[in-house]
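Quick note, the sequences are listed as chains A and B, same order.
Heads up, the first sequence is in my numbering, so the first residue is 1 and it goes up one at a time.
Heads up, the second sequence is in my numbering, so the first residue is 226 and it goes up one at a time.
In short, the hints are calculated from the structure, not lab data.
One should not assume that every hint holds.
As the list claims (entries may be wrong) - Which stretches of chain A does chain B cover? Using the computed rule of at least three CB atoms under 8 Å from a CB of chain B, they are:
#1 15 to 29
#2 47 to 61
To be verified - Simulated restraints, written as ranges between beta carbons of each label pair:
#3 B:Glu250 with A:Leu12: 41 to 49 Å
#4 A:Leu180 with B:Arg383: 58 to 66 Å
#5 A:Val176 with B:Glu359: 48 to 56 Å
#6 B:Ala269 with A:Ala26: 38 to 46 Å
#7 A:Ser178 with B:Arg315: 20 to 28 Å
#8 B:Lys343 with A:Ala191: 33 to 41 Å
#9 B:Ala269 with A:Gln184: 29 to 37 Å
#10 B:Lys343 with A:Gly179: 45 to 53 Å
#11 A:Ala26 with B:Lys266: 15 to 23 Å
#12 B:Leu362 with A:Ser178: 53 to 61 Å
#13 B:Glu346 with A:Glu48: 33 to 41 Å
Since the structure is predicted, the reported quantities are computational estimates derived from the model, not experimental observations.
Just so you know, even glycine gets a beta-carbon here, dropped at the ideal spot from N, CA and C.
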Amino acid sequence: MTGAPGERETTLRLREAFASLGETAAPRPDCPPPDRLWATAVGESTAEERREVIAHMATCGSCAAAFRLARGLVQEEASTQAPPEPIRLVREPWVRWSVGLAAAAALVATLTPLGWWHQTPQYRGDRDGEIRSLIRDGAEGTPLPREKAELRWTAGPPGSRYEVRVLTRDGQEVAVESGLERPQYTIPPSALSRLPPGTLLYWQAKMLSPDGVSTQSKTFSIRLE
Amino acid sequence: MTGLESGATEAHEANNEPGDRADYEELRGELIRAVRSLCPKWLASRAEDLVQVALVKILEIRRRSEQDRDLSSFYLKRVAYSVMVDEIRRLERRRESSLETDDGEPLPLPSGAPDPAKRQESRELGEGIRGCLEVLLRPRQLAVTLYLQDVSVVDAARLLGWELKHTRNLVYRGLGDLRRCLQEKGFHP
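Put together the whole structure using the sequences plus the hints.
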């Protein structure tokens, strides 16, 4: 069906044009969830379910683009001769990790306002542009004193302003402060009073340099005294 | 180490045994590869967040399951895909509601044909195709849609659950309908 050169060109043009709908499309309320698109692309769902999704795709550029993404993966996987070894997870440690990671992700999400998804120019004053914690982090580090719970991190260019947010493992906000002129913040003792000894806190700092460049730190952790 | 590779792992390094950490790093590494293989260029700046969200999703699935579970790279790609599509949809919704972010910066569009005029022409033809697909008989609509998605007739037959010969016939007739419809709309692809 794509044999003759002219016909091949027409087919390519039609496919390009159809794909271009995905560039400006917005998802609709009736768009199938990603799992259904995936199941259709790999042929996991029933034929009737697949036909429903394909019919939707006929008029939805967003889902058509998502389907192409899944198909590309399926084909890539099929071309792999030897499937890689699966990663075996042992249950208990992962349960322990999950809560902390959820909190970390929540923290990242909280500190990522809508506009931040752009490619953020990185501050180059530090060795590799990262904001680093200047306190000993982690559960094995020195516990954070309740009466002087000071968080410190590397400074940006002169005139920079900072924002810091502190959460618990389950995502409860402990403290948030913005407009800081120095790369440090002391968590008020009152904010820590309800937390039991040994609570692990997650914190993240954001820097806004005078030229408007913002840089976000990784998520750090520290155990409360 | 890139930003994508470093991520928020250090928040957890001190809490776990070395073996657990190795498992975690291996999983994270697989997810980074999955996200890289999927992530459109225009979404690259969000890659690290996407890895985090995918990690949390996997851990949540893991926490709910009663048995230990092997996570193949294919499964991880599936999770990464799901997270990616959710994120793309979120951004598409925002793009539709406003052409600018809260910071007043223009939102990037996915890259397409470099020539704006050609791109516009292609989009107009795309709109024409969509309009024509809407009025095609359903079996032909399905077959032609997969054809336009660059799915082979063999795969299309499998996905649609039809005989190969029947599917080929539907593609052939459906494309004829599509061409006629486009011509009526003034397109001559």
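Okay, the hints, checked on the actual structure:
Only residues whose beta carbon comes within less than 8 Å of a beta carbon in chain B count, and the segment 15 to 29 of chain A has 13; three or more means the coverage holds. A stretch counts as covered by a chain when three or more of its residues have a beta carbon under 8 Å from one of that chain; for the segment 47 to 61 of chain A and chain B the count is 10, and the coverage holds. Look at Glu250 of chain B against Leu12 of chain A: about 43 Å separates their beta carbons, and that is inside 41 to 49 Å. At about 59 Å, the CB distance of Leu180 of chain A to Arg383 of chain B agrees with the hint of 58 to 66 Å.
Hint check: Val176 of chain A to Glu359 of chain B, Cβ distance near 49 Å, so the stated range 48 to 56 Å holds. Hint check: Ala269 of chain B to Ala26 of chain A, Cβ distance near 21 Å, so the stated range 38 to 46 Å is violated. Distance hint check: the CB atoms of Ser178 of chain A and Arg315 of chain B are about 24 Å apart, consistent with the given range 20 to 28 Å. Distance hint check for Lys343 of chain B and Ala191 of chain A: the Cβ-Cβ separation is about 58 Å, which falls outside the suggested range of 33 to 41 Å.
Between Ala269 of chain B and Gln184 of chain A the beta carbons are some 32 Å apart, a value that agrees with the proposed interval 29 to 37 Å. The hinted window of 45 to 53 Å between Lys343 of chain B and Gly179 of chain A holds, with their beta carbons roughly 48 Å apart. Hint check: Ala26 of chain A to Lys266 of chain B, Cβ distance near 20 Å, so the stated range 15 to 23 Å holds. Distance hint for Leu362 of chain B and Ser178 of chain A: a CB-CB separation of about 59 Å, consistent with the stated range 53 to 61 Å.
A C-beta distance of roughly 37 Å is found between Glu346 of chain B and Glu48 of chain A, which places it inside the suggested range of 33 to 41 Å.
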